[in-house]
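Peer 1: Listed here are the chains, written in short residue letters.
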Amino acid sequence: MKHLHLPGLAPLLLIGSIAVMALLIVMPLGVVFSEAFAKGVGPYLAALTDPDALAAIRLTLTAAAIAVPLNAAFGLAAAWAIAKFEFRGKAALMALIDLPFSMSPVVSGLVWVLIFGAQGWLGGWLADHDVKIIFALPGIVLATVTVTLPFVARELIPVMLDQGADEEAAAVTLGAGGLTVLRRVTIPNVKWALLYGVLICNARAMGEFGAVSVVSGKIRGLTNTLPLHIEALYNDYDFVGAFAAASLLASLGVVTLVVKQALEWRYSCELAVAGRR
Amino acid sequence: MAGYALPIERPAPRLSGWRERSVLPGFPLALGVTLAWLGAIVAVPLTALALRPWEIGVGGAWTTLTSARVLAALQLSFGLSLLAALLNAPLGLMIAWTLERYAFPGRRLLDALVDLPFALPTAVAGIALTALYAPTGPLGALAAKAGIKVAYTPLGIFVALVFIGLPFVVRQLQPVLADLDREVEEAAGTLGATPAQRFWRVMLPALAPALLSGAGLAFARAVGEYGSVIFIAGNMPMKSEIAPLLIVTKLEEFDYAGAAAIGLAMVVVSLAALAAVNAAQAALAARGRAGASA
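For the record, the sequence lines run as chains A and B. Per my numbering, the very first residue in the first sequence carries number 1; after that it's consecutive. Per my numbering, the very first residue in the second sequence carries number 1001; after that it's consecutive.
None of these hints come from the bench; they were simulated from the model. In this text, a Cβ means the ideal position worked out from N, Cα and C, and glycines have one as well. Possibly wrong hints are sitting among the right ones.
[Unchecked claim] With the C-beta cut set under 8 Å, the calculated list includes, among others, these residues of chain B facing chain A:
hint: 1; residue: R1019
hint: 2; residue: W1037
hint: 3; residue: I1041
hint: 4; residue: W1097
hint: 5; residue: D1115
hint: 6; residue: P1121
hint: 7; residue: A1123
hint: 8; residue: P1135
hint: 9; residue: T1136
hint: 10; residue: F1158
hint: 11; residue: L1166
hint: 12; residue: M1266
hint: 13; residue: V1268
hint: 14; residue: A1282
[Stated by the list, open to error] Label-pair ranges, simulated between beta-carbon atoms:
hint: 15; chain 1: B; residue 1: A1068; chain 2: A; residue 2: W125; range: 20 to 30 Å
hint: 16; chain 1: A; residue 1: P188; chain 2: B; residue 2: E1020; range: 23 to 33 Å
hint: 17; chain 1: B; residue 1: F1104; chain 2: A; residue 2: Y267; range: 21 to 31 Å
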């Protein structure tokens, strides 16, 4: 006898699952593109080459280019400490790393306003010294970093815990220095997990809306990221423009999904996801 | 010496100090970087969140939280998130079951698509759901014929929260469904249990911890959700205004303490809910083990 299959229910469950997925999950993706091209290719391209749109794309790329490497480096350091060494307080440390996952994105932005905003703890000092953090790139980067902090660490820690420290210990015994071990042993062993984590971290960084909207000030052409640009156009009833910008982010999401899936199929035993699935 | 290394018996790590000695280098640096980054990005900002509400005094913070508009928003956010998680549990179970137990063409595609709500930025999901469920949209028009208004009502918020929560339940259940002890199912079958009994009495208890944690994660995500909700919500104070939006409104009025009070309340309640789910999950898992060995 095999697993319980409920064969009689198969058609029903299959149709139900496909219906839910189609109505709830797939149609929203489809509508992004159908609305973006509702008036043809010309208006679509015009919306994407608008100076404000280009500025938003640039800002989004810049913020992600700063935030993702920082959190990747953090993820490696955290995974190295947690997976390769035994020390007290590990569970608490891991809970702290997970904390941004259980915070509203709006709160992840709010906390920075409380510190650096006009009435923040350091607001007066910053104004006196003409340093802009909130309503400027540094604030946008801080909010993005906060929201995306766990992604790489979360992917690396289980994989590295699984691999243990024996290979690294052998390398050290043979005389390798710390950097050599990291470069020649550890990183090659976790390269797919690292890529997987960076990929998801980047998708979230470029798509982040709530946290960034709180700190950005939403100045068009200056502090609007791509998701905020979408909001601005949508609120102006410029639906083609909004959905054209949204189609870029939706494409990023789809590409991320495809690469992620390819990684899961090919290298599942080298990913944290192997333990989960 | 023989040409092979003797296996070294390694005792379970018993820490004499606060850490075990290791031949590997870099522990102080790695832990230092980790703690510095967590301190700067998580601990210090959260300290600000924990301290600033009290600037208006305990009474002031309480007044903010219990004002009719804030209470309505908190009730809406937590209530709808709970309802969405309750719907996501059976929907997620159905989809996870279909993906794990049946072979059909396109199964892998369907499996990959489950993650779409994770992959689609929230603002994109927000305007897309609104376009679909607005009275002029394809699904909204259908609903309107039945006399149901979806977008710009709490029902619209509910739809968005179901959308973003569904993958959590499916992804928590899939590995458990795949690994579920075949012998237990077999035993139930050989003992004459009907398929329905096997499902309700044998499988559901085994799936319950994963189902609970999936629904718990979906709930936690839904409570704080902003981008996919605000476009479809209508954002009418007292009616369809979610708590995160109220934080934004307070900030725009430069009421930092009020915004912090709402933010702190949300973090505290979310963490308490997650802790409760974890405890319930552990209890369920323990009972499952006890039941299996009895």
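Peer 1: Compare the structure with each hint and give your call.
Peer 2: Results for each hint:
Contact between B:R1019 and chain A, as hinted, is supported at the beta carbon level, the nearest pair being about 4 Å apart and thus within 8 Å. Taken as an interface hint, B:W1037 checks out: its beta carbon lies about 5 Å from the nearest beta carbon of chain A, inside 8 Å. For B:I1041, the interface hint holds, the least distance from its beta-carbon to any beta-carbon of chain A being 5 Å, beneath 8 Å. A least Cβ separation of about 6 Å between B:W1097 and chain A falls short of the 8 Å threshold, and the interface hint therefore holds.
Checking B:D1115 against chain A by beta carbon gives a least distance of about 6 Å; that is within 8 Å, so the hint holds. Below 8 Å, beta-carbon pairs count as interface contacts, and B:P1121 has one with chain A at about 3 Å; its hint therefore holds. Evaluation of the B:A1123 hint against chain A yields a held restraint, the C-beta minimum of about 4 Å falling below 8 Å. Taking 8 Å as the C-beta contact cut-off toward chain A, the hint placing B:P1135 at the interface is violated, the least distance being around 15 Å.
Violation of the interface hint for B:T1136 is found here, the shortest Cβ-Cβ separation to chain A being roughly 11 Å, above the 8 Å cut-off. Interface hint status for B:F1158: violated, as the beta-carbon distance to the closest one in chain A is roughly 12 Å, over 8 Å. Using the Cβ-Cβ criterion of 8 Å, the hint placing B:L1166 at the interface with chain A is satisfied: the shortest such distance is roughly 7 Å. With a least beta-carbon distance of about 6 Å to chain A, the hint placing B:M1266 at the interface is held under the 8 Å criterion.
The restraint placing B:V1268 at the interface with chain A is violated, with a minimum CB-CB distance near 11 Å, outside the 8 Å limit. Below 8 Å, beta-carbon pairs count as interface contacts, and B:A1282 has none with chain A, the closest being about 14 Å; its hint is therefore violated. In this structure the supplied range 20 to 30 Å is violated for B:A1068 paired with A:W125, their Cβ-Cβ distance being about 37 Å. As the Cβ distance of A:P188 to B:E1020 is approximately 26 Å, the hint placing it in 23 to 33 Å holds.
Between B:F1104 and A:Y267 the beta carbon distance is about 26 Å. The supplied range of 21 to 31 Å therefore holds.
Comparing the model with each earlier hint shows violations of hints 8, 9, 10, 13, 14 and 15; every other hint is respected.
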